Amino acid sequence: MQEERFKELEHTADIAILVRGETLAELFANAAYGMACQLTDVEGVPTSMEREIALHADDVEMLLVDWLSELLFLGEKENAVFHDFEMQHVGVKELRAVARGGRIKEHQAHIKAVTFSQMDLRQTGGVYETPIVFDV
Amino acid sequence: MAGKQDFQRLDTYTWELPKDHRGDMRVPVRLYADAELFDAAFGDRTVEQLINTSTLPGIVKYAMALPDMHQGYGFPIGGVAGIDAESGVISPGGVGYDINCGVRLLASNLDWEEIEPHRDDLMSALYESCPSGLGGDGRVRVSKRELDDLLSDGASWALNQGLARREDVEHTEERGSLSGADPSKVSQRAKERGLSQVGSLGSGNHFLELDVVQDVYDAEVADAFGLRKGQIVVQIHCGSRGFGHQVCDDYVKSLQGAVKKYDITLPNRQLVCAPIDSPEGQDYYGAMACAVNYAFVNRQVLAMGAREAFERILAGKVHDFNLRQIYDVAHNIAKFETHRVNGETKKLCIHRKGATRCFPPNHEGVPTAYRDVGQPVLVPGSMGTASYVLVGQEKAMELTFGSTCHGAGRTMSRTAARKKVWGHDLREELEDGGIAVRASSMKGLAEEAPLAYKDVSRVVESVDGLGIAKKVARLEPLGVMKG
Numbered sequence: 007m008q009e010e011r012f013k014e015l016e017h018t019a020d021i022a023i024l025v026r027g028e029t030l031a032e033l034f035a036n037a038a039y040g041m042a043c044q045l046t047d048v049e050g051v052p053t054s055m056e057r058e059i060a061l062h063a064d065d066v067e068m069l070l071v072d073w074l075s076e077l078l079f080l081g082e083k084e085n086a087v088f089h090d091f092e093m094q095h096v097g098v099k100e101l102r103a104v105a106r107g108g109r110i111k112e113h114q115a116h117i118k119a120v121t122f123s124q125m126d127l128r129q130t131g132g133v134y135e136t137p138i139v140f141d142v
Numbered sequence: 023m024a025g026k027q028d029f030q031r032l033d034t035y036t037w038e039l040p041k042d043h044r045g046d047m048r049v050p051v052r053l054y055a056d057a058e059l060f061d062a063a064f065g066d067r068t069v070e071q072l073i074n075t076s077t078l079p080g081i082v083k084y085a086m087a088l089p090d091m092h093q094g095y096g097f098p099i100g101g102v103a104g105i106d107a108e109s110g111v112i113s114p115g116g117v118g119y120d121i122n123c124g125v126r127l128l129a130s131n132l133d134w135e136e137i138e139p140h141r142d143d144l145m146s147a148l149y150e151s152c153p154s155g156l157g158g159d160g161r162v163r164v165s166k167r168e169l170d171d172l173l174s175d176g177a178s179w180a181l182n183q184g185l186a187r188r189e190d191v192e193h194t195e196e197r198g199s200l201s202g203a204d205p206s207k208v209s210q211r212a213k214e215r216g217l218s219q220v221g222s223l224g225s226g227n228h229f230l231e232l233d234v235v236q237d238v239y240d241a242e243v244a245d246a247f248g249l250r251k252g253q254i255v256v257q258i259h260c261g262s263r264g265f266g267h268q269v270c271d272d273y274v275k276s277l278q279g280a281v282k283k284y285d286i287t288l289p290n291r292q293l294v295c296a297p298i299d300s301p302e303g304q305d306y307y308g309a310m311a312c313a314v315n316y317a318f319v320n321r322q323v324l325a326m327g328a329r330e331a332f333e334r335i336l337a338g339k340v341h342d343f344n345l346r347q348i349y350d351v352a353h354n355i356a357k358f359e360t361h362r363v364n365g366e367t368k369k370l371c372i373h374r375k376g377a378t379r380c381f382p383p384n385h386e387g388v389p390t391a392y393r394d395v396g397q398p399v400l401v402p403g404s405m406g407t408a409s410y411v412l413v414g415q416e417k418a419m420e421l422t423f424g425s426t427c428h429g430a431g432r433t434m435s436r437t438a439a440r441k442k443v444w445g446h447d448l449r450e451e452l453e454d455g456g457i458a459v460r461a462s463s464m465k466g467l468a469e470e471a472p473l474a475y476k477d478v479s480r481v482v483e484s485v486d487g488l489g490i491a492k493k494v495a496r497l498e499p500l501g502v503m504k505g
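The listed protein sequences derive, respectively, from chains U and X. Take my numbering: the last position of the first sequence gets the number 142, and nothing is skipped along the way. Take my numbering: the last position of the second sequence gets the number 505, and nothing is skipped along the way.
Derived by calculation from the structure, the hints in this document are not laboratory data. Take these hints with a grain of salt, some might be off.
[What the hints assert, rightly or not] So these bits of chain X aren't anywhere near chain U, every CB distance computed over 10 Å: (1) Glu150; (2) Asp237; (3) Pro389.
[Claimed, not checked] Some chain U residues well away from chain X (every beta-carbon gap over 10 Å; in silico): (4) Glu56; (5) Arg102; (6) Ala115; (7) Lys118; (8) Gly131.
[Unchecked claim] Each computed PhoX-like pair below joins lysine-lysine, with the alpha-carbon atoms no more than 20 Å apart: (9) X:Lys369 / X:Lys441; (10) U:Lys99 / X:Lys465; (11) X:Lys465 / U:Lys111; (12) X:Lys83 / X:Lys41; (13) X:Lys275 / X:Lys213; (14) X:Lys417 / U:Lys83.
Note that the structure is predicted; figures quoted are calculated from it, not measured. Idealized CB from N, CA, C, for every residue including glycine.
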């Protein structure tokens with residue numbers, strides 16, 4: 007399941023994943039799920055906590071960084087991890103989504119930030135794809 | 023993509039890539055390393071990131087990386103750039119997310135024999151007194167108003183609050199307070215994250231260590247620093263926590279607009295920057311300086327926690343439980359300094375990302391007590407291995423804008439380290455080797471396994487051989503506390 011939605015890439019100091027999606031919405035959801043899997047073992051994490059998220063950005067890469075950063079911030083604040091996503095609308099400059107997750111006892115990793123390093127969101131053969139590097 | 027063959031070897035430790043290698047380079051690229059560490063630089067994107075750094079407007083002399091270099095984002099880790107303060111840019115990518123991540127060294131007046139019977143109790147007390155781990159609250163919770171004062175004043179705020187001694191402040195880079203800090207340039211979100219984390223270690227590669235001075239290489243300088251063989255010391259390695267991460271995050275995003283506005287061409291978005299004299303550049307500097315001050319206070323409050331633990335466990339049992347501050351240095355910072363460039367004295371914005379300032383003897387930036395010998399440089403090794411105390415040399419002013427290495431430097435990804443090492447096994451191995459371990463996460467412990475790092479001794483030999491910093495003492499760990 008995890009392997010289908012994202013792939014871990016080697017990075018000397020930080021954490022990097024490769025995410026894909028047939029639509030931007032799918033890529034954004036997979037990216038957020040991939041990030042959640044770095045933070046904890048999401049199996050067994052409830053979906054009792056629900057947050058509505060609406061964001062605007064200047065371009066799609068900034069929107070992706072904003073989306074993941076928002077989830078990190080909300081998670082840090084409530085000691086929670088969000089791993090289930092209902093993407094209501096994802097455009098190039100704006101998104102609306104509902105993120106669901108729950109409190110966790112122990113983080114596996116701490117992600118300081120979502121970076122633009124190596125980010126290159128493009129559509130090839132009908133599939134959107136980009137690497138994402140997290141600063142840890 | 024530059025290969026080893028594109029570099030010219032200028033001497034044993036200096037390798038240069040000429041400016042004409044890529045059309046957008048403004049200055050040559052220099053790697054300072056021995057042959058083995060030079061080879062290692064080609065194992066990841068370090069060189070590509072340094073070439074990208076060399077394209078920043080206003081960069082002078084060369085974009086350089088020290089022997090502990092490895093891939094980061096934007097700049098490589100171990101990267102240093104001097105940028106003309108009048109015509110150049112300032113880049114959050116040249117400082118990093120953990121603004122003013124750094125190291126503090128405290129010295130006791132105790133020997134191992136005196137402390138040995140109490141080592142385990144002391145490690146447990148340090149673990150209690152110095153909060154660590156993910157998202158954890160710090161020793162001090164401040165109000166919004168207090169936070170603004172802390173951000174403006176740094177260590178002198180701590181002094182006024184009774185959280186520091188005067189000598190702590192004197193023995194801190196910039197006396198623990200970077201001027202130009204402007205709390206009004208910091209987002210509410212960053213402040214929200216900062217309120218509860220003052221005096222917390224955090225996680226990742228951050229640690230608190232109980233060490234013994236194993237070797238002294240330069241008795242005169244060691245004496246001036248107050249170090250001697252057999253002495254027990256404490257190292258604290260951490261930064262500006264969620265506050266600094268948020269400041270960097272905010273400005274990496276907001277300065278994307280400045281790149282367009284000022285028509286700056288960048289090879290990588292993470293190198294985002296703004297002209298130093300622009301409103302956007304000034305705003306970033308004002309906010310970044312707040313995070314620098316936050317980190318100085320963070321380490322200061324942890325130092326008081328370490329003192330409290332020493333007193334709690336050792337009072338009445340040893341002749342002296344005091345911990346005296348030797349020095350505190352930043353590893354991730356941008357600051358204004360004056361340097362000689364092509365025979366001219368210039369004001370530069372020095373970006374050090376995973377690099378340590380190392381001013382030579384007689385430099386006005388060195389505390390009075392050390393002015394005759396030079397600035398102490400603290401180079402922590404990987405967990406369970408040696409750390410070094412060095413002293414800044416004049417040659418650093420000539421070659422590296424008064425900078426040197428900051429640590430061992432990673433060589434293996436966290437994922438790879440986890441595949442090779444189990445946290446529990448590593449803990450046993452360290453404890454078998456006589457090192458007490460306190461860690462909140464076994465996974466985190468595995469990621470920081472010594473095999474994931476370069477050999478710190480090799481890194482230190484390179485900067486000593488190059489002549490930019492000289493070895494003073496080697497520290498061996500007796501107890502490690504990881505977040």
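Quick rundown of the hints versus the structure:
1. Glu150: Since the minimum Cβ distance to chain U is about 19 Å, X:Glu150 lies beyond 10 Å and the statement holds.
2. Asp237: The assertion about X:Asp237 holds, with a minimum of 29 Å to chain U.
3. Pro389: Correct as stated: the minimum Cβ-Cβ distance to chain U is 31 Å, above 10 Å.
4. Glu56: holds (21 Å)
5. Arg102: holds (19 Å)
6. Ala115: violated (7 Å)
7. Lys118: Check fails; 4 Å does not lie beyond 10 Å.
8. Gly131: holds (24 Å)
9. X:Lys369 / X:Lys441: violated (47 Å)
10. U:Lys99 / X:Lys465: Outside the cut-off at roughly 37 Å; violated.
11. X:Lys465 / U:Lys111: holds (14 Å)
12. X:Lys83 / X:Lys41: Holds, at roughly 11 Å.
13. X:Lys275 / X:Lys213: holds (17 Å)
14. X:Lys417 / U:Lys83: Roughly 47 Å separates the two Cα atoms, so the pair is violated.
Against the hints set out earlier in the document, violations occur for numbers 6, 7, 9, 10 and 14.
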